[in-house]
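Enquirer: Working from the sequences, and respecting the hints, build out all of it.
The residues making up each chain are set out below.
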Amino acid sequence: MNLRKRGIRTDDSAPPQDPSPHFSSARFVTSSALSERPRFSPFLANAGKAAKFRRAPASPRGNAMSHQYQAIGWNRQKRVYDVVVLTGVALYIALFIGFSAWLVPYATAETLIIRAAGSAAFLLLHVVLCIGPLCRLDSRFLPLLYNRRHLGVVTFLLGAAHGIFAVIQFHSLGDKDPLVSLLTSNQNFRSLPDFPFQQLGFLALVILFLMAATSHDYWLRNLTPPIWKTLHMLVYVTYALLIGHVTLGLLQSETSPVLAVATGAGFVTVLSLHLAAASRERAVDLNKLKTVTNGFVDACSVESIPEKCAAVVSVSGERVAIFKFDGKISAISNVCRHQNGPLGEGRVIDGCVTCPWHGYQYLPETGGSPPPFTEKVSTFQTKIVDGRVWIDPKPKAPGTRVEPSRISDVGARA
Amino acid sequence: MNEFYVGYLPKAPSGIARCIRAVVVLLLIFAAIAAIVFAKVQRTLAPSVFEYGKLGTFEGTIEASPYPILIVAGAGSAESGASRYLLVAEGKHGADSQVVAFAGKTVQLRGTRIYRDNQTMIEVVSGSISLKRDSTRSQPPSQELGIFELAGEIVDSKCYLGVMNPGSGKVHRDCAVRCISGGIPPVFATNDFNGSPAILLLTDLHQKPLPKETFLKLVAQPVRIHGSVVKTGETLYLKTGPSAISPLP
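Protein chains in written order, with the numbering used here: chain A, 13 to 426; chain B, -1 to 247.
Derived from the structure by calculation, the hints contain no laboratory data. It is possible that part of the hints are untrue.
Covered stretches of chain B, as calculated for chain A (at least 3 residues, CB under 8 Å) [claimed, not checked]:
1. 21 to 29
2. 43 to 54
3. 82 to 95
Idealized CB from N, CA, C, for every residue including glycine.
Expert: What follows is the structure in structure tokens.
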């Protein structure tokens, strides 16, 4: 699995930075789809860290489009992923419309399309929202996350189909412009039972559109990571709006309690998974490292770190991933420059720390991506004393080389 | 677990792939069950039909006020010996401007039938009304049925009779507002008119169209209306005023 030496990274979220001039012939692919969210949870203690990120270094040629951006950098796993997603969506829509046509024979075709697309989009949004925390709780779910942006784009397209058919059906061919009608036909904002639920859905669709339209890594780079990540955190606002849209629309019109129970169960599932994952992260943050000697803090024992893996500790309000590999210890920031993926949950592959989300790689000694990639994360000075890893809480500038501590140096003293 | 997934490698590690295959199968099963359950629990809809794409030719006498109606000889109520078809234009528009020149006259027109229960409407093809003869048909007598206080919902007649199904309720509210605003005759749909469901055309106390701005905010929500009911042929009119319409809690 010699990724670094190939000089390629063919993940769907692909390299937002420019290749080194020395590697100008390296293959670069990027792709399009709804974004991976920078943090999977708004409950994370350090969710605001994204704001610290600077824009990726400018292109040597000053032209971001020189990355050879492609619409989608297809690979086998992405193809399999998309086939499964489209199969699932087609299955759901076919069954819903087929059974509805049978069970509710007088429902019009437009009504069935609106209901099928809307419910499919809402269900899919639940899946999108659950993938992040599931991956944090169990890494076996990571393949679901890798191409999650495509799932997001499909969610938007289904939502758009729902919205477009609804606007055509309810607002077109009238005495007002359809969009004006959508926004003005019901203005009972002060009444909960009469609240204009369609406006909530419209607003959610606008946000989904913005996320889908900017899901390409071209936009991640050009909007700058903080803005892009803030925009994509709006998926939670979208979810809240859609809960309102469903509760104040569908649930007020339908009589079956099954729909209310299903909506509630979906919300509880999303919330529970986020709380579970957040509590796991919080445990790291609450584990304050107190023993300080010569400016270093006692982080963990060498033995507690599995080979090629990391222990994650929180120092000075920042999570640090301490990796053990090839008889050495290195510490770098836990936050991937791409989409804030948890590097500490990654592995050292070919001598590179590999992010579990999209496979972005960093040299543990420097925190820099191997050429031709140019992302850099902060590094931390480490030392090993009596089988324990000590780290200097002060981060080095991203990309600063720090010699790894050798595990054989156990005799050293603080 | 020692396996580690990297998305851009050709294959996922076998253990992870097995797990994901199981998850995907479960998700697909869940999607199938959800689709069937959600389809099953939908509210049943009243039998109403819009014969979209099926144009017919109709001949009868135009009654222009309070709402456009084509009185067609033949079937219908026993008293009148005629059917009374409400007329609307295409889209969310009333047919008033199309029929005004033909008030009281016998015409031929092309249109599409929309029907629910014993009520039929025709969506008139624009410009298809042609004069057959000036001779008019005598109006059937109207019958006062008395004063009623009814609970129900104000909706637009076109959607309620079949262009949309469901053509009532909150989800349909904006559409009903748009339709009524565009001139589609408003009807009051109640489940308890002398113990039976009924569809009553809403008028003012003089049996003229009720000014729509006076009740537009109350469309497609439960309301109570106090008024007198008049029956002309098989058409029921509910004569009321804005102050006699109140929202139900």
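Enquirer: Would you mind marking each hint as holding or not holding in the structure?
Expert: Hints versus structure:
1. 21 to 29: Satisfied; 5 residues make the cut.
2. 43 to 54: Holds: 6 residues of the segment 43 to 54 of chain B have a Cβ under 8 Å from chain A.
3. 82 to 95: Coverage by chain A holds for the segment 82 to 95 of chain B (4 residues, Cβ < 8 Å).
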